[in-house]
Amino acid sequence: MKTRAAILHQTGADLIVDEVEIPGLGYGQALVRILTTRICGSQIGEIDAVKGPDRYLPHLIGHEATVEILELGPGIKHLKTGDRAVAHWRPGEGVDAGGTRYRWKGADCNAGPITTFQEIAVISGNRLTPIPRDTDPELGALMADTLTTGFGVIHHEARVKIGESVVIIGCGGIGSGVVLGAVLAGAHPVVAVDLHDNKLALAKKMGATETFSAKDPAWAEKVRAFLGHPADVVMDGTGQPAVLEQAYELCGPKGRCIGIGVMRHDRKLSINTLPLHLGRVLTGSEGGSSQPHREISKYLRILADRKISTKEWVTHRCTLAEINQGIRWMRSGEPIHVMVRPA
3 MKTRAAILHQ
13 TGADLIVDEV
23 EIPGLGYGQA
33 LVRILTTRIC
43 GSQIGEIDAV
53 KGPDRYLPHL
63 IGHEATVEIL
73 ELGPGIKHLK
83 TGDRAVAHWR
93 PGEGVDAGGT
103 RYRWKGADCN
113 AGPITTFQEI
123 AVISGNRLTP
133 IPRDTDPELG
143 ALMADTLTTG
153 FGVIHHEARV
163 KIGESVVIIG
173 CGGIGSGVVL
183 GAVLAGAHPV
193 VAVDLHDNKL
203 ALAKKMGATE
213 TFSAKDPAWA
223 EKVRAFLGHP
233 ADVVMDGTGQ
243 PAVLEQAYEL
253 CGPKGRCIGI
263 GVMRHDRKLS
273 INTLPLHLGR
283 VLTGSEGGSS
293 QPHREISKYL
303 RILADRKIST
313 KEWVTHRCTL
323 AEINQGIRWM
333 RSGEPIHVMV
343 RPA
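Read left to right, the sequence shown gives residues 3 to 345 (the working numbering).
There's no promise every hint is true.
What the hints assert, rightly or not - Listed next, the in silico PhoX-like pairs over lysine-lysine satisfying Cα-Cα at most 25 Å (straight line):
{"#": "1", "residue 1": "K206", "residue 2": "K309"}
{"#": "2", "residue 1": "K207", "residue 2": "K300"}
{"#": "3", "residue 1": "K163", "residue 2": "K206"}
{"#": "4", "residue 1": "K313", "residue 2": "K207"}
{"#": "5", "residue 1": "K300", "residue 2": "K79"}
Please keep in mind that the hints were generated in silico from the structure rather than gathered at the bench. Values in this document were obtained by computation on a predicted structure and should not be read as measured data.
Work out the full structure: start from the sequences and follow the hints.
Structure representation (structure tokens):
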């Protein structure tokens, strides 16, 4: 059996959309049809080898989607054929079946426990969480990372308390989920910073108290003046060293600074470490420490009960054949979210 897939064959190069041979299912694996998948900043980092030289080329790519279960391998008990599910990179319920290998042009093409830039995929059972069939596939794809990570950063990692001040730098992608999570958690004020007006407008619509354009060289000073005191929590979604350094400086003596965006492996920070000895915290997010199998159903209920729509979050859409255009959009920084429909 074959499927079309986007293949990362060379660091920094366009993906190749081509047919690959699908492997048979092993223990704990599921065969799924990809309904909608989101292009995450992590995929841009993967293409650019942000974390270091890529030892697995060629390989498939993508880690968040809404899928339909076509077939189940042995060992999967929380899903059944025909289910709709969120496919997520964070481990959830079930067997961790690890990665797999497709065949492309007569040779192995690697894949991790989850890949989604394709029509049909083999995914580890613990990367799949069932959802109601009437869930909007684009909302399901947002649940895979944007919302679970965004809410998780607020709840699990920053442990935001009611009335604490929260600053989010970079409000597209995961940042949009962080803004909404901060508002729902009762943070105040919630301050959003971004280069793009459309992302600031969405943050304001979601309940951000104030927004600031990062195009203004004095944005950090203006945020500090608006707050009137150092921030309790500052999140950086950009992965840029200079921005993370500014985020760290905006924190109060006991403040928490969390890096959400991944910095290049060969870049370094320059900070005054004394505040770390006096109670300030600087840490990186691990997907919000989210637990998808426990949280996705809860978050869907919250959005439904509060009539919160994420329709406006998706600003760009493309097909699998147009995946490289979608990646170019992402690199421009203009989209809030880019969704890909394989068919």
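Taking the hints in turn, this is what the structure says about them:
1. K206 <-> K309: With a Cα-Cα distance of about 17 Å, the restraint between K206 and K309 holds, given a limit of 25 Å.
2. K207 <-> K300: holds, 22 Å
3. K163 <-> K206: Cα-Cα ~20 Å, so holds.
4. K313 <-> K207: holds, 13 Å
5. K300 <-> K79: holds, 21 Å
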